[in-house]
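Residue-level listing of the chains:
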Amino acid sequence: MDKIQVTDEMLYRYMPGLEEKLLNALPEEEEIRVKFTEEFNQRMEVLMRRAKQKERYGIPVTTWRRMAAALAVIIAGSMAATMSVEANREKLYEFIRKVYETYAETHYSSEGDKVGKFVPLYPKYIPEGYELVIKEEYDDILFLSYENKDGVHSITIRQDQVINGMVVADDNEYIKEEPCIVRDQKGRICYKENGIIRVLWETSNTLHVVSGKDISKEELLKVCESLEEK
Amino acid sequence: MLLYLSLLDTEEEKSKFEQLYYQYRKLMYLCAREILKDDQLAEDAVHEAFIKLTKYVKKINEIKCNKTKRFIVIVVESAAKDIWRKEKRNSSTSWEDVESGYQFPVKESVGELSVVEEAICRLPLTYRQIFQLKYGWGYSNKEIAEILDIREGTLRQRLARGKIILQEILEEMEVHVDG
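Residue numbers (the numbering used here), protein chains in the order written: chain X, 1 to 230; chain S, 1001 to 1179.
Okay, chain S solo, but in the shape it has when bound:
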């Protein structure tokens, strides 16, 4: 592979974008591969995700931290979702089936979860991503709408719908609190 290192030479000066690339490209590939079940489309998703990341690179302060990791994973999941809709919409599987079945990382590697955490993990990807950004990392509705490329109105609807689905999952799991 040839590397074009134009203009920036030292480690300190190494582009943030480049650091993100080497820190997360394989993880991003795995996420995309899990959704698309196709090697080439997964590479396309990683490429698309990095194009999107050029817009956000200035806002990322720390490369190696969980907040950045979550952000990067969500960007590549969204890119994979867009590609799936373009390339696979005629397949026998629906997007709803794909996102409900998508669990990454696999449950076994996560360790013990409380029942509520377990229920949140069962949420379809569309709602889980919003919950992760808003309640996990404190992003504002405006920021989330921009990251996911949706309108704020749509986001509010999904937030409300996500809560209803989670409520239903909890009821299905017969989770109660002592009252």
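Next comes chain X alone, as it looks inside the complex:
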């Protein structure tokens, strides 16, 4: 009897069959019971949106966004003579918003590629004991996540620049919804079964979502009201 020798030939012979056995034994996605956290879902949505744009245009998204923003600034410059900054933004970034209630979808469209400059807003107020754990900042998205010390309670702030052709689908899993006014804009407060409260509102070219787990509505609105440009 000889010792078995480990060679390339031997490995090429055994590995494909073993791989099939190992991979076929892995559970199917629908068999796995995992509940991802709200924070994870939001971070992945941000990543997916960026990946889609990269896939679609084949150029780094940041470059494309910078070009769009620069173009908008030029247009703004030529029209701005007597308008205030806020009025100017409203004029430039008028999106047509169609809400399809059956599918809980909102479709955004605008003339041409006028998307406007994305101006991220940062909170001046965050409840005591919370600290910033995630900050993802791009030319068209801002995502901030705060956690308290025990890591159980969290607040997330997300701002997405609305672009032409964008579709936002809401999962509609709310147990209660109520209208509200946030930063002089009409918005809504949505409550989920798992203790998450979400405040949603729009400005001229940005969709704002501020969520909190096990935090009072009043505290969350205070965070929303404290948002300011850097």
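Among the hints, erroneous ones may be present.
With a cut-off of at most 27 Å between alpha-carbon atoms, the simulated DSS-like pairs for lysine-lysine come out as follows [to be verified]: (1) S:K1026 - X:K213; (2) S:K1088 - X:K149; (3) S:K1086 - X:K135; (4) S:K1016 - X:K192; (5) S:K1142 - S:K1052; (6) S:K1058 - S:K1016; (7) X:K135 - S:K1069; (8) X:K149 - X:K124; (9) S:K1059 - X:K21; (10) S:K1088 - X:K21; (11) S:K1086 - X:K35; (12) X:K135 - S:K1163; (13) X:K35 - S:K1052; (14) X:K21 - S:K1163; (15) X:K21 - S:K1026.
Distance ranges between label pairs, derived from CB positions [said to hold, decoys possible]: (16) S:I1150 - X:E30: 33 to 39 Å; (17) S:E1171 - X:E131: 49 to 55 Å; (18) X:Q5 - S:S1100: 19 to 25 Å; (19) X:R13 - S:S1092: 37 to 43 Å; (20) X:P179 - S:S1140: 58 to 64 Å; (21) X:E128 - S:G1101: 37 to 43 Å; (22) X:D184 - S:K1142: 56 to 62 Å; (23) X:E178 - S:C1065: 46 to 52 Å; (24) S:I1164 - X:R13: 15 to 21 Å; (25) X:P127 - S:Q1103: 41 to 47 Å; (26) S:G1111 - X:R183: 58 to 64 Å; (27) S:K1142 - X:E28: 29 to 35 Å; (28) S:G1153 - X:Y12: 43 to 49 Å; (29) S:K1058 - X:E219: 41 to 47 Å.
The set of hints was computed from the structure by calculation and includes no laboratory data.
Each residue gets a CB set at the ideal place from its N, CA and C atoms; glycine is no exception.
Take the given structure of chain X and dock chain S to it, following the hints.
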């Protein structure tokens, strides 16, 4: 959850990245969880893995096949390894213990294996991954080095070292061939 489906609407047009995400996110989480033994770090590993996957998404032809599944699993295992080294290097367990003990899927669900297959499964993760990519799926050394983020020289060393370890395991198991 709010989903931002900007620019792409139909099923056909659905981003490949998105398809990968919905096809594998839970499996990836399980793999990462098995290595890190921590829910939050496992989510971080899945997120990191998907950031890495944005680089490779164009090279993936078929979403639902074993080759893609292996690739995805290796990417998340590597992400979990990086996180483990950052977050847990001061723990009492060494990385070598973790990777030697990491078996996913669990042996019972795999069914019957030959002794050689059994020996390959006992290899530490670092070497097993390389063998899987090279001998299981035919990736070139250059491709493997890129996927695992190591130099080709390091890869060659690990290939050689992996063969020696496998030889030792086989000897320990007293595996012989009739000659």
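Now for the hints, and whether the structure bears them out:
Of the pairs offered as hints, the one joining K1026 of chain S and K213 of chain X holds, with about 23 Å between alpha carbons and a cut-off of 27 Å not exceeded. Pair hint K1088 of chain S plus K149 of chain X holds up; C-alpha atoms about 19 Å apart against a cutoff of 27 Å. Restraint check for K1086 of chain S and K135 of chain X: satisfied, since their Cα atoms lie roughly 19 Å apart, inside the 27 Å limit. Proximity of K1016 of chain S to K192 of chain X is assessed by CA-CA distance (about 30 Å); at most 27 Å being required, the pair is judged violated.
Proximity of K1142 of chain S to K1052 of chain S is assessed by CA-CA distance (about 17 Å); at most 27 Å being required, the pair is judged to hold. At roughly 8 Å between alpha-carbon atoms, K1058 of chain S and K1016 of chain S fall within 27 Å of each other, so this suggested pair holds. Restraint check: the Cα-Cα separation between K135 of chain X and K1069 of chain S comes to about 30 Å, which exceeds 27 Å; the hinted pair is violated. Taken as a hint, the K149 of chain X and K124 of chain X pair is honoured in the structure, with Cα atoms around 20 Å apart against an allowance of 27 Å.
Distance hint between K1059 of chain S and K21 of chain X is fulfilled; the C-alpha atoms sit about 24 Å from each other, no more than 27 Å. At roughly 32 Å between alpha-carbon atoms, K1088 of chain S and K21 of chain X are farther apart than 27 Å, so this suggested pair is violated. For the hint pairing K1086 of chain S with K35 of chain X, the CA-to-CA distance comes to about 25 Å; that is within 27 Å, so the pair holds. In summary, the hint linking K135 of chain X to K1163 of chain S is not supported, as the alpha carbons are separated by about 43 Å, beyond the 27 Å threshold.
A threshold of 27 Å between alpha carbons decides the hint, and for K35 of chain X with K1052 of chain S the separation of about 23 Å falls inside it, so the pair holds. Taken as a hint, the K21 of chain X and K1163 of chain S pair is honoured in the structure, with Cα atoms around 21 Å apart against an allowance of 27 Å. Note on K21 of chain X and K1026 of chain S: the hinted pairing holds, with a Cα-Cα distance of about 20 Å set against a maximum of 27 Å. Look at I1150 of chain S against E30 of chain X: about 35 Å separates their beta carbons, and that is inside 33 to 39 Å.
Between E1171 of chain S and E131 of chain X, the C-beta spacing of about 53 Å keeps the proposed range 49 to 55 Å intact. In this structure the supplied range 19 to 25 Å holds for Q5 of chain X paired with S1100 of chain S, their Cβ-Cβ distance being about 24 Å. For R13 of chain X and S1092 of chain S, the Cβ-Cβ distance of about 40 Å falls inside the hinted range of 37 to 43 Å, so the restraint holds. Checked against the given bound of 58 to 64 Å, the beta carbons of P179 of chain X and S1140 of chain S, roughly 59 Å apart, stay inside it.
Taking 37 to 43 Å as the suggested C-beta distance range, the pair E128 of chain X and G1101 of chain S conforms, at roughly 42 Å. As the Cβ distance of D184 of chain X to K1142 of chain S is approximately 57 Å, the hint placing it in 56 to 62 Å holds. Here the CB-CB span from E178 of chain X to C1065 of chain S is close to 47 Å, well matched to the stated 46 to 52 Å. Taking 15 to 21 Å as the suggested C-beta distance range, the pair I1164 of chain S and R13 of chain X conforms, at roughly 19 Å.
Restraint check, P127 of chain X to Q1103 of chain S: a C-beta distance of roughly 43 Å satisfies the suggested window 41 to 47 Å. Evaluation of the 58 to 64 Å hint for G1111 of chain S and R183 of chain X yields a pass: the beta carbon distance comes to about 60 Å. The hint said 29 to 35 Å for the Cβ distance between K1142 of chain S and E28 of chain X, and at roughly 33 Å that hint holds. Between G1153 of chain S and Y12 of chain X, the C-beta spacing of about 23 Å breaks the proposed range 43 to 49 Å.
Range check, K1058 of chain S to E219 of chain X: about 44 Å between beta-carbon atoms, so the 41 to 47 Å window is met.
This entry does not satisfy hints 4, 7, 10, 12, 28, going by the numbered hints stated previously.
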